[in-house]
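Enquirer: Residue numbers (this note's numbering), protein chains in the order written: chain A, 1 to 354; chain B, 1 to 354; chain C, 1 to 354.
Think of the hints as simulated: they come from the structure by calculation, not from any bench. If you're wondering where the values come from, they're calculated on a predicted model, not measured in any experiment. Careful: at least some of the hints might be erroneous.
If chains are identical, the list can't say which one is meant, so a pair holds when it fits in one copy or spans any two.
With a cut-off of at most 25 angstroms between alpha-carbon atoms, the simulated PhoX-like pairs for lysine-lysine come out as follows [said to hold, decoys possible]:
id, residue 1, residue 2
1, K346, K196
2, K196, K81
3, K8, K33
4, K81, K235
5, K202, K83
6, K33, K58
7, K301, K230
8, K346, K335
9, K301, K268
10, K230, K95
11, K58, K268
12, K202, K33
13, K95, K81
14, K230, K33
15, K235, K202
16, K337, K301
17, K81, K154
18, K301, K33
19, K196, K235
20, K95, K301
21, K301, K49
22, K95, K268
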Amino acid sequence: MMTIQDIKSLLEQFFHPVELVGDGGVVITGPAKIEDAGSGQVSFVANEKYYRFLGDAKASLLIVHLDAPVGDGSDGRSFLKVKDPYTAFVFVLQKFAGERRIAAPGVAASASVAPTARLGRNVSIGEHAVIGERCTIGDDTVIGPNTVLMHDVKIGNGCVLYPQVTCYDGTVIGDRVIVHSGTVIGADGFGFAPQKDGSYIKIPQMGTVQIEDDVEIGANTTIDRATMGKTVVCKGAKIDNLVQIAHNCRIGEDTVIASQAGISGSVKIGRQCLIGGQAGFAGHLEIADRTSIAAKAGISKSFTEPGLAIRGVPAQPMRDQLRQEAQIRGLGALKEKVDELEARIKAILEGRGA
Amino acid sequence: MMTIQDIKSLLEQFFHPVELVGDGGVVITGPAKIEDAGSGQVSFVANEKYYRFLGDAKASLLIVHLDAPVGDGSDGRSFLKVKDPYTAFVFVLQKFAGERRIAAPGVAASASVAPTARLGRNVSIGEHAVIGERCTIGDDTVIGPNTVLMHDVKIGNGCVLYPQVTCYDGTVIGDRVIVHSGTVIGADGFGFAPQKDGSYIKIPQMGTVQIEDDVEIGANTTIDRATMGKTVVCKGAKIDNLVQIAHNCRIGEDTVIASQAGISGSVKIGRQCLIGGQAGFAGHLEIADRTSIAAKAGISKSFTEPGLAIRGVPAQPMRDQLRQEAQIRGLGALKEKVDELEARIKAILEGRGA
Amino acid sequence: MMTIQDIKSLLEQFFHPVELVGDGGVVITGPAKIEDAGSGQVSFVANEKYYRFLGDAKASLLIVHLDAPVGDGSDGRSFLKVKDPYTAFVFVLQKFAGERRIAAPGVAASASVAPTARLGRNVSIGEHAVIGERCTIGDDTVIGPNTVLMHDVKIGNGCVLYPQVTCYDGTVIGDRVIVHSGTVIGADGFGFAPQKDGSYIKIPQMGTVQIEDDVEIGANTTIDRATMGKTVVCKGAKIDNLVQIAHNCRIGEDTVIASQAGISGSVKIGRQCLIGGQAGFAGHLEIADRTSIAAKAGISKSFTEPGLAIRGVPAQPMRDQLRQEAQIRGLGALKEKVDELEARIKAILEGRGA
Numbered sequence: 001m002m003t004i005q006d007i008k009s010l011l012e013q014f015f016h017p018v019e020l021v022g023d024g025g026v027v028i029t030g031p032a033k034i035e036d037a038g039s040g041q042v043s044f045v046a047n048e049k050y051y052r053f054l055g056d057a058k059a060s061l062l063i064v065h066l067d068a069p070v071g072d073g074s075d076g077r078s079f080l081k082v083k084d085p086y087t088a089f090v091f092v093l094q095k096f097a098g099e100r101r102i103a104a105p106g107v108a109a110s111a112s113v114a115p116t117a118r119l120g121r122n123v124s125i126g127e128h129a130v131i132g133e134r135c136t137i138g139d140d141t142v143i144g145p146n147t148v149l150m151h152d153v154k155i156g157n158g159c160v161l162y163p164q165v166t167c168y169d170g171t172v173i174g175d176r177v178i179v180h181s182g183t184v185i186g187a188d189g190f191g192f193a194p195q196k197d198g199s200y201i202k203i204p205q206m207g208t209v210q211i212e213d214d215v216e217i218g219a220n221t222t223i224d225r226a227t228m229g230k231t232v233v234c235k236g237a238k239i240d241n242l243v244q245i246a247h248n249c250r251i252g253e254d255t256v257i258a259s260q261a262g263i264s265g266s267v268k269i270g271r272q273c274l275i276g277g278q279a280g281f282a283g284h285l286e287i288a289d290r291t292s293i294a295a296k297a298g299i300s301k302s303f304t305e306p307g308l309a310i311r312g313v314p315a316q317p318m319r320d321q322l323r324q325e326a327q328i329r330g331l332g333a334l335k336e337k338v339d340e341l342e343a344r345i346k347a348i349l350e351g352r353g354a
Numbered sequence: 001m002m003t004i005q006d007i008k009s010l011l012e013q014f015f016h017p018v019e020l021v022g023d024g025g026v027v028i029t030g031p032a033k034i035e036d037a038g039s040g041q042v043s044f045v046a047n048e049k050y051y052r053f054l055g056d057a058k059a060s061l062l063i064v065h066l067d068a069p070v071g072d073g074s075d076g077r078s079f080l081k082v083k084d085p086y087t088a089f090v091f092v093l094q095k096f097a098g099e100r101r102i103a104a105p106g107v108a109a110s111a112s113v114a115p116t117a118r119l120g121r122n123v124s125i126g127e128h129a130v131i132g133e134r135c136t137i138g139d140d141t142v143i144g145p146n147t148v149l150m151h152d153v154k155i156g157n158g159c160v161l162y163p164q165v166t167c168y169d170g171t172v173i174g175d176r177v178i179v180h181s182g183t184v185i186g187a188d189g190f191g192f193a194p195q196k197d198g199s200y201i202k203i204p205q206m207g208t209v210q211i212e213d214d215v216e217i218g219a220n221t222t223i224d225r226a227t228m229g230k231t232v233v234c235k236g237a238k239i240d241n242l243v244q245i246a247h248n249c250r251i252g253e254d255t256v257i258a259s260q261a262g263i264s265g266s267v268k269i270g271r272q273c274l275i276g277g278q279a280g281f282a283g284h285l286e287i288a289d290r291t292s293i294a295a296k297a298g299i300s301k302s303f304t305e306p307g308l309a310i311r312g313v314p315a316q317p318m319r320d321q322l323r324q325e326a327q328i329r330g331l332g333a334l335k336e337k338v339d340e341l342e343a344r345i346k347a348i349l350e351g352r353g354a
Numbered sequence: 001m002m003t004i005q006d007i008k009s010l011l012e013q014f015f016h017p018v019e020l021v022g023d024g025g026v027v028i029t030g031p032a033k034i035e036d037a038g039s040g041q042v043s044f045v046a047n048e049k050y051y052r053f054l055g056d057a058k059a060s061l062l063i064v065h066l067d068a069p070v071g072d073g074s075d076g077r078s079f080l081k082v083k084d085p086y087t088a089f090v091f092v093l094q095k096f097a098g099e100r101r102i103a104a105p106g107v108a109a110s111a112s113v114a115p116t117a118r119l120g121r122n123v124s125i126g127e128h129a130v131i132g133e134r135c136t137i138g139d140d141t142v143i144g145p146n147t148v149l150m151h152d153v154k155i156g157n158g159c160v161l162y163p164q165v166t167c168y169d170g171t172v173i174g175d176r177v178i179v180h181s182g183t184v185i186g187a188d189g190f191g192f193a194p195q196k197d198g199s200y201i202k203i204p205q206m207g208t209v210q211i212e213d214d215v216e217i218g219a220n221t222t223i224d225r226a227t228m229g230k231t232v233v234c235k236g237a238k239i240d241n242l243v244q245i246a247h248n249c250r251i252g253e254d255t256v257i258a259s260q261a262g263i264s265g266s267v268k269i270g271r272q273c274l275i276g277g278q279a280g281f282a283g284h285l286e287i288a289d290r291t292s293i294a295a296k297a298g299i300s301k302s303f304t305e306p307g308l309a310i311r312g313v314p315a316q317p318m319r320d321q322l323r324q325e326a327q328i329r330g331l332g333a334l335k336e337k338v339d340e341l342e343a344r345i346k347a348i349l350e351g352r353g354a
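So that you can see chain A by itself, here it is in the shape it has in the complex (with noise of 0.2 angstroms):
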């Protein structure tokens, strides 16, 4: 159970000031949005366009940002103001968040542990988990039911692999890794030579894929090994359902990756990257830092220069594709326009001027 105050109190351990108006006494019994939220709720408020919901919103504790026009708190409603309201929220929804139990404390007795397999402090491996030989396992590390490593995988400290996830052998993961269910990484690349008769030989895929510390996968999502050498997910990079990773990428710090991209070989995405959703990517390309790859784009060579927003099929930088869908919608006037053109001419010819 939590007061406005005991809120105030967590807040300051990460914002400087908060300030607190009206009563700090109120027990808070949880979050909500804010057009959902009643008495004993707390919300908030981030962006100047929404301040028009701080009258009617019937939360009794509203987290806004330090200019936001509040009142004095004597409608019974309390506010906390911070610099960054979001973020401050995102620490009380950590606060009311229950804990959700992946799997209970130990090795469940139906688990498969190879006996060369070494395990942390404070592992817990779920249901009929199966964990291969020569596999690490770091402390306080959750691997859920039915998830499966094969042999050789080496996970850190404080990681959480959801249910029915599957690494194959030699992958490596960092600390405070999130994998949700049903993906797979280090599946084998997607590597065949042609014969002369049609037919394809496989290439043998002998790399491991590496996800460094921080990183979040989302669910169903395929990662596969590389040919030789590494795919590596880079520190802090996210990455949402259904996107595919091919073998031999490289995914930058802190990038962001949407549903459903996808990624061909060998492309080396750089750090702090936003791709949309449903992306896709030739293979063996550069994207610079900081680039801004809007949903659905089809990108078919590098963009070296950081910074940039692109966009379409194939894709360019926003600018340049805005001006082209611009010129494509006004295809109907211009289409007008040369019929016209065509009329006065014909009246010049014909004598009539026009």
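Based on these hints, arrange chains B and C on the given structure of chain A.
Expert: Chains B and C only, in chain A's frame:
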């Protein structure tokens, strides 16, 4: 073993009239596509444009429209004439479909069922399935092998979860819901608060997923839990394979979503919509009832008029998009015309007329 | 441990001639990419445009084309010259690829094998795998941990099913087939009969899936069973991750399908086609042999001429599509020209000439 007369009786439960042409005593052993069907088999023709196949069809029984131009049965083939032959054939298929055994009755010895879980009557739990604390499973529901329900999952009556499904904690599923293998319901929404140094803080995903009655969900689809509140798939919706439904979406009743479509966070889709394969939606949009969205469309704004057909990237009403596509196909002709006008003007200026 | 002479002997099983330049007695410890390879390692150069890397390469052995401009081996590096260095290197990779252990020989104690299932010689069944009633598994086949075969599944000789694969009842798989984790074969086709009230009746999916010899299927792919009859993936086809193949499709021999492509129901694709990532097909189309389809293409009609390259949305022959893309890029110039013509006409009418 069914005779044509038995099939007539079956269809009379659903249609009036059901007219028999030919011999009702013939035994029918199973259904087949019209081009494959042979003696002893039943097939159907629902559409006038396939009437031309009627002559050559080898099936012993054909289900056709009341108005279909069929013979008198003297060639040994029989006909059942009904108002909706397609649906009638579906009822026949249901009769012939063998029982699919997903899990043996009762709880498999190798399944893990938490002591606080409550199972209804006639429940089947497959090998190595995991049923978490405080789950409830309704009467006649089948949970396939290796499927995992985390804690506090509620599943209604008459559901089928195929092997390898994952339901995260708090998922609520109605009655008669079918979920195919590899699908993940309730994984975390993709929400992160950006920090000044370019890194991200995870936003706790405290909401849940609610799947209403009579929904069917294909294989390897992902439906994320809400950040706060619920992601909802309404009664009767049908969702294909590899579809992404993000946090806080609402999919309306009887809406159909084809494979690999991606719905971003907080999108609200109306009732009886049809969404084509690989279509993608930006976040926070509203789509009106009975909207029809073409495959590969990229929906970047709300469409609030019911019953529209939309298409393209960015998507626009079908008529506008088709006109635009025609204008693009006409670009070569437009360019030629402009070149010709340029030549005429040059001729005028040179005093040659044209 | 292999010497260069051993590698020469290996390659002579496949190529004539194999020419050695340099010292055949050097021991080779493993393969590497040309830019990473160091002393004791083998790499290759297959393409003239990479000949510039030959000078700086640190590998002890390079496999190159018969015509490659290499030295005399006096700098301590050796060369093996063959007609197809790329395929030759694949054979070397196969030699060095470590054995991947997916499941221990025999049937794991925790696996569930139905009493009516029949296993060939030298079969491995992993932990917690489930083999349903009347399944047959051929000699030397490996079934990974947590993989589920429902009833009546037939799998040939020398196959590998990685962990967490699901095969629905009736699936038939040939010899030497590889299926990666998370893939679902034989789930219900997406078929529903619309009713007057806007709801749908499920069409029973009574067909099966047949995967022929030498097919490889990536991770988290879905291949649906036929409504009636069979969905077929023909001999030697290679299918990447997250691909959707709908009910009643036929994928031709040695056809390659890249990640996230989606094939709608009843599409027939010919032999030796190449299908790019995120391409999508409308239902009931036919695609001729050796068709090459660009990434992200949207195929809305059949292409029955063999060997075409097609691209775009809607897809058209490559030449037409590239011309159209050039016309779109030229729209700004076209608009400027029209404006200029308008000014000239105005000048003519004002009697100023131009």
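Enquirer: Output the indices of the hints that this structure fails to meet, ascending.
Expert: Checked against the structure, the hints that fail are numbers 1, 4, 16, 17, 20, 22, while the rest are satisfied.
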